[in-house]
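Asker: Input sequences plus hints: build the corresponding full structure.
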Amino acid sequence: MDKHTLDESQLLELFRRMTLLRRFEEKIAGLYVRGKITGHVDLYGGEEAVGVGAICALDLKDYVVSTYRQYGHCLAKCAAPRAVMAELFGKQTGISHGRDGAMHTVDPNLHFIGAIGAGGLPIATGLALAVQYQEGPEVVFCIFGDTALSQGAFHEALNLASIWKLPIVFICENNFYGMGTFIDNSVCQEELYRFAEPYKMPGVRVDGMDVVEVYIAAKNALSLARAGEGPSLIEAVTYRFRGASMSNPAEDRAVREERIWRERDPIMNLRRRLLGEHGVAEATLDRIDHEVDASIDDAVKFAEESPEPPLDTLGKTVYASDH
Amino acid sequence: MAQITYREALNQALREELDRDERVFIMGKEVGYFGGAFKVTEGLLAIYGEKRVRDTPNSDLTIVGAGIGAAMGGLKPIVELTTIDSDLLAMDQIVNAAAKIHYVSGGKANVPLVIRAPQSQSLEAYFLHAPGLRVFVPAMPADAKGLLKTAIRLADPVIFFEHESLYGVKGEVSDDPDFAIPMGKAKVVREGKDVTIVAYSKSVYDAVSAAEMLAHSAIDAEVIDLRTLNPLDMTTVVESVKKTGRAIVAYQGWRTGGAGAEIAAQIHEAAFDSLDAPVARVASLDTPMPYGQHREIMALPSVAAIVKVAQRLI
Chain A
1 MDKHTLDESQ
11 LLELFRRMTL
21 LRRFEEKIAG
31 LYVRGKITGH
41 VDLYGGEEAV
51 GVGAICALDL
61 KDYVVSTYRQ
71 YGHCLAKCAA
81 PRAVMAELFG
91 KQTGISHGRD
101 GAMHTVDPNL
111 HFIGAIGAGG
121 LPIATGLALA
131 VQYQEGPEVV
141 FCIFGDTALS
151 QGAFHEALNL
161 ASIWKLPIVF
171 ICENNFYGMG
181 TFIDNSVCQE
191 ELYRFAEPYK
201 MPGVRVDGMD
211 VVEVYIAAKN
221 ALSLARAGEG
231 PSLIEAVTYR
241 FRGASMSNPA
251 EDRAVREERI
261 WRERDPIMNL
271 RRRLLGEHGV
281 AEATLDRIDH
291 EVDASIDDAV
301 KFAEESPEPP
311 LDTLGKTVYA
321 SDH
Chain B
324 MAQITYREAL
334 NQALREELDR
344 DERVFIMGKE
354 VGYFGGAFKV
364 TEGLLAIYGE
374 KRVRDTPNSD
384 LTIVGAGIGA
394 AMGGLKPIVE
404 LTTIDSDLLA
414 MDQIVNAAAK
424 IHYVSGGKAN
434 VPLVIRAPQS
444 QSLEAYFLHA
454 PGLRVFVPAM
464 PADAKGLLKT
474 AIRLADPVIF
484 FEHESLYGVK
494 GEVSDDPDFA
504 IPMGKAKVVR
514 EGKDVTIVAY
524 SKSVYDAVSA
534 AEMLAHSAID
544 AEVIDLRTLN
554 PLDMTTVVES
564 VKKTGRAIVA
574 YQGWRTGGAG
584 AEIAAQIHEA
594 AFDSLDAPVA
604 RVASLDTPMP
614 YGQHREIMAL
624 PSVAAIVKVA
634 QRLI
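Respectively, the protein sequence lines represent chains A and B.
Numbering (my numbering) for the first sequence: 1 to 323.
Numbering (my numbering) for the second sequence: 324 to 637.
To be clear, the hints were calculated from the coordinates, so they are not data collected in a lab.
Worth double-checking, as some hints may not be accurate.
[As the list claims (entries may be wrong)] Taking lysine-lysine and the BS3-like style, the derived pairs with C-alpha atoms no more than 30 Å apart in a straight line are: (1) B/K566 <-> A/K200; (2) B/K374 <-> A/K165; (3) B/K352 <-> A/K165; (4) B/K431 <-> A/K36; (5) A/K165 <-> B/K362; (6) A/K200 <-> A/K36; (7) B/K508 <-> B/K566; (8) B/K510 <-> A/K316; (9) B/K431 <-> B/K631; (10) A/K36 <-> A/K316; (11) B/K631 <-> A/K316; (12) A/K91 <-> A/K27; (13) A/K27 <-> B/K631; (14) B/K493 <-> A/K219; (15) B/K508 <-> B/K631; (16) A/K91 <-> B/K508; (17) B/K362 <-> A/K61; (18) A/K301 <-> A/K91; (19) B/K362 <-> A/K200; (20) A/K61 <-> B/K431; (21) B/K510 <-> B/K352; (22) B/K431 <-> A/K316; (23) B/K362 <-> A/K301.
Answerer: Written out as structure tokens, the structure reads:
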């Protein structure tokens, strides 16, 4: 076992955070079907162990740069469920005052940036440059999907991060699908962690359905970056339980494939471990479930009751500078 | 005040802002040891070191993206691209990220990034079409310096066009370190009463030459240098058109869908009743730039073309 171990209270926190992401998503899927949430909502269910395991390894001051599949990452980075839900409703009280929805949440207070696909990699690299330039202690976690590896930005960003030895960890959520395209058709090297070697950085593959394994790998990479040892690449092998987004159901995937992965549900896994290995009482976990549900119901009520952004303000934050 | 070139004026602006603010740094291909593809950053590496004058790989997309990230991380990056053509490789970062981040963050995040783009093709209309971006197009050495300083101090992302044929042009430039030119303020470079010629970048020089030729045939042309396209100072333009009753927009972009189309439309909207003739455009031919020098001259808007159009309007 690695030097980074987790005690029971930390495991319970990982369980709480993953449960929040899952139940939040189930709630918004229902609201979407009922027309309460519109626009585009990318789904994360099944991949919670990656976002939660990685982001919980960070301190609050560290940065997360994510993709459009990001409200899960955003919640894992401790965004208030009320603010995230209100944003999905397009309300003034949302994290971006209803300007963004679920596409690229950006909140400097949370040290969180959502970007578009592989577009986050160059931005994360620049953030890491800013940290290095100002001799700060922060590290940047850049989380992206396997599809990003078929874009040039992946090469350029890893190359630059390695040349400048930047404090950044590249974390690839390999869920095997870019929308409906299987990875065979988009990346020639399916063992994605092997892309680390040509960029002269450490690369590891972890079980992305095991939150503890992800957490430990993230802590190791974080320690390297914090110590000025430069970037790393983590490939977390995972699976998206639903379609890529609410408007793209995964009807074409094999039923058997889905069933195998659902048996490896990261939340159920951790639940079994907490009950078995750690002797945690079932009532403790049920209480967490209830608390999470209550916070989500509260977020929905808050979002529903919040005002729409005043129409006359919609054109007003296009520029930071007046003339 | 001293007579210096457009290139030297930019170099001075960079030095002054590097001195003024520790957060300012320059990165791009060739900016350090080579002194810039057009020698604009010459001498800066020796003074400010590799931390603040950073040579980068030939990765335009990622250098611009890294500029965005660095800006969001508290720095004031100046990215030099080899030419504006390289901007096209970075278009995703410029349009989908730099231009939108302030807005999609609900006004919480800023991207104080300057992208310096030596201009061979005239692609300014592409950037004018992205709300959230500032677009600067200085023609005169003094404006090149003053507007670059403004761009560096600004909280918004700026695409800063430097026309390649202007680097050697000389002009009077202030050496006061507090000197800066505000954005969104067009300059009337020649007063006249018969026709308004609106221009920017290299075309300002052509417009002034055309006005001098028109004076021989007793046509008194007013020439306006826009200096920035976003913000666009239509107040100065409309005031002039209301006086002259006629307007020509002269620019090196392609005619179809160019900045001139936008300016002409806005003149029609704001000053229709004052116009004695439709607003005319003198722009590049709608063709990729041909290689041979003679053909290149044919494809670009010329002084003679401006003169001819002005005579037709009157």
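Asker: None of the hints should be skipped; say for each whether it holds.
Answerer: How the hints compare with the structure:
Taking the CA atoms of B/K566 and A/K200, the gap is about 66 Å. The hint is violated against a cut of 30 Å. Proposed proximity of B/K374 and A/K165 is supported: the alpha carbons are some 13 Å apart, at most 30 Å. In summary, the hint linking B/K352 to A/K165 is supported, as the alpha carbons are separated by about 18 Å, within the 30 Å threshold. At most 30 Å may separate the alpha-carbon atoms for a hinted pair to count; B/K431 and A/K36 meet this at roughly 26 Å.
About 28 Å separates the Cα atoms of A/K165 and B/K362, which keeps this hinted pair within 30 Å; it holds. With a CA separation close to 48 Å, the supplied pair A/K200 and A/K36 exceeds the 30 Å bound. The hinted pair formed by B/K508 and B/K566 meets the criterion: a straight-line CA distance of about 19 Å does not exceed 30 Å. Taken as a hint, the B/K510 and A/K316 pair is honoured in the structure, with Cα atoms around 27 Å apart against an allowance of 30 Å.
As the CA atoms of B/K431 and B/K631 are separated by approximately 51 Å, the hinted pair breaks the 30 Å bound. Restraint check for A/K36 and A/K316: the C-alpha separation of about 26 Å stays at or below 30 Å, so the hint holds. Between B/K631 and A/K316 the CA atoms are separated by roughly 43 Å; this puts the pair beyond 30 Å, and the hint is violated. A C-alpha spacing of about 17 Å is found between A/K91 and A/K27, which places the hinted pair at or below 30 Å, so the restraint holds.
The suggested pairing of A/K27 with B/K631 is violated, with an alpha-carbon distance near 68 Å, which exceeds 30 Å. Taking the CA atoms of B/K493 and A/K219, the gap is about 57 Å. The hint is violated against a cut of 30 Å. Simply put, B/K508 and B/K631 have alpha-carbon atoms about 28 Å apart, close enough for the 30 Å limit, and the pair holds. This hinted pair does not check out: A/K91 and B/K508 have alpha carbons roughly 37 Å apart, beyond 30 Å.
In summary, the hint linking B/K362 to A/K61 is not supported, as the alpha carbons are separated by about 40 Å, beyond the 30 Å threshold. Note on A/K301 and A/K91: the hinted pairing holds, with a Cα-Cα distance of about 12 Å set against a maximum of 30 Å. A C-alpha spacing of about 33 Å is found between B/K362 and A/K200, which places the hinted pair above 30 Å, so the restraint is violated. Proposed proximity of A/K61 and B/K431 is supported: the alpha carbons are some 17 Å apart, at most 30 Å.
Only pairs whose Cα atoms come within 30 Å are accepted, and B/K510 paired with B/K352 is rejected, the gap being roughly 33 Å. Note on B/K431 and A/K316: the hinted pairing holds, with a Cα-Cα distance of about 13 Å set against a maximum of 30 Å. With a CA separation close to 60 Å, the supplied pair B/K362 and A/K301 exceeds the 30 Å bound.
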